[in-house]
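Undergrad: All chains, full assembly: derive it from the sequences and hints.
The lines below spell out each chain.
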Amino acid sequence: MTDLLAVSGLTMRFGGLVAVDQVALTMKERQIVSVIGPNGAGKTTIFNCLSGFYKPSGGTVHFRGQAIQGLPGHKIARLGMVRTFQHVRLFKEMTVLENLLVAQHRLLNTNFIAGLLKTPGFRRAEKEGLERAHYWLEKVRLTEFANRTAGNLAYGQQRRLEIARCMASRPELLMLDEPAAGLNPNETDELDRLICDLRDNDGVSVLLIEHDMKLVMGISDHIYVVNQGRPLADGTPGQVQNNAEVIKAYLGEA
Amino acid sequence: MSEPILYFIQQLLNGLTIGSTYALIAIGYTMVYGIIGMINFAHGEVYMIGAYAAFMVMTGLMMAGIDSTFLLLTSAFLVSMVLTSVYGYSIERLAYRPLRSSKRLIALISAIGMSIFLQNMMRLSQGSRDVAMPTLVSGGWNFGEADFQASLSYMQLIIFVVTFISMTLLSLFISRSRMGRACRACAEDLKMANLLGINSNSIIALTFVIGAALAAIAGVLLGSYYGVINPYIGFIAGLKAFTAAVLGGIGSIPGAVLGGLLLGVTEAMTGAYFSTEYKDVVSFGLLISVLLFMPTGILGKPEVEKV
Amino acid sequence: MNNIKSALIAAGLFLILAGWLMGFRLETAGTRLVVGNRLDTAWEWLALGGGLVFLAQLFHAQVTRPFKLLAERGGSFALPAPEEKPMLFRLLTLLVLAGLIIWPFIGSRGAVDLATLTLIYVMLGLGLNVVVGLAGLLDLGYVAFYAVGAYSYALLNAYLGFDFWTCLPIAGGLAALFGFLLGFPVLRLRGDYLAIVTLGFGEIIRILLNNMTELTGGPNGIAGIPKPTLFGLAFERKGDSLFHEFFNISYNSGYKVIFLYLLALGLVVFTIFIINRLLRMPLGRAWEALREDEIACRSLGLNPTLIKLTAFTIGAAFAGFAGSFFAARQGFISPESFVFIESAIILAIVVLGGMGSQIGVVLAAIVMTILPELTREFNEYRMLLFGLLMVLMMIWRPQGLLPMHRPHMEMKS
Numbered sequence: 001m002t003d004l005l006a007v008s009g010l011t012m013r014f015g016g017l018v019a020v021d022q023v024a025l026t027m028k029e030r031q032i033v034s035v036i037g038p039n040g041a042g043k044t045t046i047f048n049c050l051s052g053f054y055k056p057s058g059g060t061v062h063f064r065g066q067a068i069q070g071l072p073g074h075k076i077a078r079l080g081m082v083r084t085f086q087h088v089r090l091f092k093e094m095t096v097l098e099n100l101l102v103a104q105h106r107l108l109n110t111n112f113i114a115g116l117l118k119t120p121g122f123r124r125a126e127k128e129g130l131e132r133a134h135y136w137l138e139k140v141r142l143t144e145f146a147n148r149t150a151g152n153l154a155y156g157q158q159r160r161l162e163i164a165r166c167m168a169s170r171p172e173l174l175m176l177d178e179p180a181a182g183l184n185p186n187e188t189d190e191l192d193r194l195i196c197d198l199r200d201n202d203g204v205s206v207l208l209i210e211h212d213m214k215l216v217m218g219i220s221d222h223i224y225v226v227n228q229g230r231p232l233a234d235g236t237p238g239q240v241q242n243n244a245e246v247i248k249a250y251l252g253e254a
Numbered sequence: 001m002s003e004p005i006l007y008f009i010q011q012l013l014n015g016l017t018i019g020s021t022y023a024l025i026a027i028g029y030t031m032v033y034g035i036i037g038m039i040n041f042a043h044g045e046v047y048m049i050g051a052y053a054a055f056m057v058m059t060g061l062m063m064a065g066i067d068s069t070f071l072l073l074t075s076a077f078l079v080s081m082v083l084t085s086v087y088g089y090s091i092e093r094l095a096y097r098p099l100r101s102s103k104r105l106i107a108l109i110s111a112i113g114m115s116i117f118l119q120n121m122m123r124l125s126q127g128s129r130d131v132a133m134p135t136l137v138s139g140g141w142n143f144g145e146a147d148f149q150a151s152l153s154y155m156q157l158i159i160f161v162v163t164f165i166s167m168t169l170l171s172l173f174i175s176r177s178r179m180g181r182a183c184r185a186c187a188e189d190l191k192m193a194n195l196l197g198i199n200s201n202s203i204i205a206l207t208f209v210i211g212a213a214l215a216a217i218a219g220v221l222l223g224s225y226y227g228v229i230n231p232y233i234g235f236i237a238g239l240k241a242f243t244a245a246v247l248g249g250i251g252s253i254p255g256a257v258l259g260g261l262l263l264g265v266t267e268a269m270t271g272a273y274f275s276t277e278y279k280d281v282v283s284f285g286l287l288i289s290v291l292l293f294m295p296t297g298i299l300g301k302p303e304v305e306k307v
Numbered sequence: 001m002n003n004i005k006s007a008l009i010a011a012g013l014f015l016i017l018a019g020w021l022m023g024f025r026l027e028t029a030g031t032r033l034v035v036g037n038r039l040d041t042a043w044e045w046l047a048l049g050g051g052l053v054f055l056a057q058l059f060h061a062q063v064t065r066p067f068k069l070l071a072e073r074g075g076s077f078a079l080p081a082p083e084e085k086p087m088l089f090r091l092l093t094l095l096v097l098a099g100l101i102i103w104p105f106i107g108s109r110g111a112v113d114l115a116t117l118t119l120i121y122v123m124l125g126l127g128l129n130v131v132v133g134l135a136g137l138l139d140l141g142y143v144a145f146y147a148v149g150a151y152s153y154a155l156l157n158a159y160l161g162f163d164f165w166t167c168l169p170i171a172g173g174l175a176a177l178f179g180f181l182l183g184f185p186v187l188r189l190r191g192d193y194l195a196i197v198t199l200g201f202g203e204i205i206r207i208l209l210n211n212m213t214e215l216t217g218g219p220n221g222i223a224g225i226p227k228p229t230l231f232g233l234a235f236e237r238k239g240d241s242l243f244h245e246f247f248n249i250s251y252n253s254g255y256k257v258i259f260l261y262l263l264a265l266g267l268v269v270f271t272i273f274i275i276n277r278l279l280r281m282p283l284g285r286a287w288e289a290l291r292e293d294e295i296a297c298r299s300l301g302l303n304p305t306l307i308k309l310t311a312f313t314i315g316a317a318f319a320g321f322a323g324s325f326f327a328a329r330q331g332f333i334s335p336e337s338f339v340f341i342e343s344a345i346i347l348a349i350v351v352l353g354g355m356g357s358q359i360g361v362v363l364a365a366i367v368m369t370i371l372p373e374l375t376r377e378f379n380e381y382r383m384l385l386f387g388l389l390m391v392l393m394m395i396w397r398p399q400g401l402l403p404m405h406r407p408h409m410e411m412k413s
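Chains as they are written, first to last, in UniProt numbering: chain A, 1 to 254; chain B, 1 to 307; chain C, 1 to 413.
Since the hints were made in silico from the structure, they are not lab data.
You may find that some hints are simply not true.
[Unchecked claim] Derived lysine to any residue pairs resembling SDA-like cross-links, with alpha carbons at most 20 angstroms apart:
hint : chain 1 : residue 1 : chain 2 : residue 2
1    : B       : LYS301    : A       : GLY15
2    : B       : LYS279    : C       : ASN211
3    : B       : LYS103    : A       : GLU93
4    : C       : LYS68     : B       : LEU94
5    : C       : LYS5      : B       : TYR89
6    : B       : LYS301    : C       : ASN211
7    : A       : LYS118    : C       : VAL269
8    : A       : LYS55     : C       : LYS68
9    : A       : LYS55     : B       : LEU292
10   : B       : LYS301    : C       : ARG188
11   : C       : LYS5      : B       : ASN201
12   : B       : LYS279    : B       : GLN10
13   : B       : LYS301    : B       : SER171
14   : A       : LYS55     : C       : THR305
Bear in mind the structure is a predicted one, so any value in this text is a computation, not a measurement.
TA: Rendered as structure tokens:
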């Protein structure tokens, strides 16, 4: 079975600075994989390369066997790889519901004439869009906020909305950039359950950048550790926790 | 030297002459954009004001009986630069500073409004007709055989020399002086410069003043070169100069110079070899073509988005 | 003390800035150029101005307080959304529409003519609103598409004899095509670069129209453009199938004026209908999302360039329609009507109206067209005041007269 995601030799240079150096990782379907490492290790840069927001200086990225390195972000998203951002990027002036509808843009009826004349096909597509939005609102427990302006939600709720919005676009691979940042322990547990739910019931694989070790170790099938842009170690949570190099990178020499 | 080559050299010289003045005005655009990211639409009108001020000073002195070209030009430069600097400072203070934190479009509209205001202010005050002045500097060097002679007029020479001196002084200022360093810091990261104790308001005001002074120099030079001015020259020159700045890479002073010269030469060549009516079309076409392949201009820094 | 110092500086600056302009004038005495001295008449105005500036700066806080109120109030004054009270809204719309259709029959001819001109600007404002207000693109060359529409009708009529109704959709289509061709390479540029390129494009169109004399008549333009007909009936005094002959009534030039007005009204209603539908379609939502956060849009699979292109093309189409109507109404067009200041005026209408807000744009267009007519005595100062108004509006009330209150998609529980 082909890997869902196969990254090899990924390199990113900014002028003279090598931010990412020969990073490799693979993911299969219905897997949760985490990328961890000290601050400044280049994790978000890796995400940006994978999701098409940066053009990698070198290396290959294969999604379901198709080479996607260098493709622009929106094309990669259409293939089924979507991502969240370190700083929440919701459409703050639009309602929660509308955020979820925009995410379904390519799945809705965008035919100009159909929309002008309100044809049955158009009406049906809009109705289905609303139903799907409803489904995701229920999933992240934001149903009562459907008509609230997205900018007015609490931080934790905004984070959940961002994940729901990604899911509304029917991805196969969900990339979450520090989803637990700023969340309290309760919210983090909820996040844990949500991610597992998405994997088990909605069939996505999840690639995670995270600093919260409890979450990472508890949820991941596989972990990749990067330090200063270079791969340091990878393995199961148990293997990574006991890896001397990893400990040294995080805590310094004993 | 054969005739076609001489003709080409003549056009090149003409192009570089105009291009130098475009460069002077373009620097004003690019410096302001580099620091506060706004298009100072009214900058062209400042150039126009500089030209009018120069004409007034020179005419007034001539009426008083002063004949020396040197004195006339020098006084024109001095008065014009001071006056436009006051205009530059006031424009920034009144129309742009209150909008520093607003969206781009808001500041742009204000700038367009200011440009319309200044243009009409001049029109009401001095009339919309052309104003012509007797030629101050005539003659030049001719070279070539009897059939066709290319010439580098003394006026052109003055333009080259003055432009060169101005740019050298500016470049020294930016790279060597403390204020210049502050300007560069503000252009890199305004917020950070502020936090480090640089009074960004003063630096921004200084940028506008420098830009205005350079535009004044261009106004004096071009006014004397063509001998004719009207209230509408600001719009056209401003547009060309901004095109030059974008062409060279907005935010980059060497880019503005390069863009200005390139634009001037393109215009001269198009006018000479193709058609004078369409030279503006070619200039804009050049801009669009360059931006297609180099979206940040020739010397512009490629922007890496922070995601 | 500090206040007095800054007030003195402000007054001093004013005197420098205004003094040389009002006090001296470059005049031609015979063949010579002289500087005329007008200080003796100008000094009173200068003193007055200086005094005013001094006082304004001295009492800066008090003077600006009413303007700050101007800026804040009205943020809460947003018209209720149509969805909240659909019945009331429908009734109101019908009333307004009925009023608009009936009044020209009782109004004066001049007023109806002015109203027609206003409607043209309303249409242009709504069209540019799609580009600038809804999609957030800096377009400074909108007048180019207006020109394309106008010249399409004029040329198709002059060379191929097409009548207005045939040319109307073609004009819109051609303008849209130009919008597409320009937008395709240019819309991926950053905002400010887009502004200068569109401005350049507007100038290019004007220069081309001015110089391709064999085709477009050059600076003399094209004359003799026929007015639109009503099912083949012309509103002229003499001719083949005439309106007044068909209905057996005496000729009245007022019929022509009223007909043009109703036609313009129809076009505007059509424009508003289309834009309202667009706002409730995925495309309209995409425009707003793009305006808010382009990066988030890309991460969800939306192609920003394509979405911007649709806004640009649709906006251009509306300008094309307006242009062909303009040509029909005037009977004569020349490149003079399509200068940059027109783009600036239309842009001012959009921003003054509150970007994105349709009703605001309509109101702003009405104000911008009617106000110059009412202040005819100040004709000389019109442009000056226009520029000043633009600056002041941006400083005091950048959100426009009626900031947008968008229809939100609601989830019915």
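Undergrad: Hint by hint, note whether the structure agrees.
TA: Hints, one by one, checked against the model:
Of the pairs offered as hints, the one joining LYS301 of chain B and GLY15 of chain A holds, with about 12 angstroms between alpha carbons and a cut-off of 20 angstroms not exceeded. For the given pair, LYS279 of chain B sits about 11 angstroms from ASN211 of chain C by alpha-carbon distance, which is consistent with the 20 angstroms threshold. For the hint linking LYS103 of chain B to GLU93 of chain A, the alpha-carbon distance of about 16 angstroms falls within 20 angstroms, and the restraint holds. Restraint check for LYS68 of chain C and LEU94 of chain B: the C-alpha separation of about 16 angstroms stays at or below 20 angstroms, so the hint holds.
For the given pair, LYS5 of chain C sits about 17 angstroms from TYR89 of chain B by alpha-carbon distance, which is consistent with the 20 angstroms threshold. A hinted pair counts as satisfied when its Cα atoms are at most 20 angstroms apart, and LYS301 of chain B with ASN211 of chain C does not qualify at roughly 37 angstroms. Pair hint LYS118 of chain A plus VAL269 of chain C holds up; C-alpha atoms about 18 angstroms apart against a cutoff of 20 angstroms. About 47 angstroms separates the Cα atoms of LYS55 of chain A and LYS68 of chain C, which puts this hinted pair outside 20 angstroms; it is violated.
Annotation: proposed proximity of LYS55 of chain A to LEU292 of chain B holds, straight-line Cα distance about 19 angstroms (limit 20 angstroms). Among the hinted pairs, LYS301 of chain B with ARG188 of chain C is consistent with the structure: their alpha-carbon atoms are about 17 angstroms apart, no more than 20 angstroms. Between LYS5 of chain C and ASN201 of chain B, the direct Cα distance comes to roughly 19 angstroms. Compliance with the 20 angstroms bound is thereby established for this hinted pair. A hinted pair counts as satisfied when its Cα atoms are at most 20 angstroms apart, and LYS279 of chain B with GLN10 of chain B qualifies at roughly 17 angstroms.
Proximity of LYS301 of chain B to SER171 of chain B is assessed by CA-CA distance (about 19 angstroms); at most 20 angstroms being required, the pair is judged to hold. For the hint linking LYS55 of chain A to THR305 of chain C, the alpha-carbon distance of about 18 angstroms falls within 20 angstroms, and the restraint holds.
Violated hints, in rising order: 6 and 8; the structure is consistent with all others.
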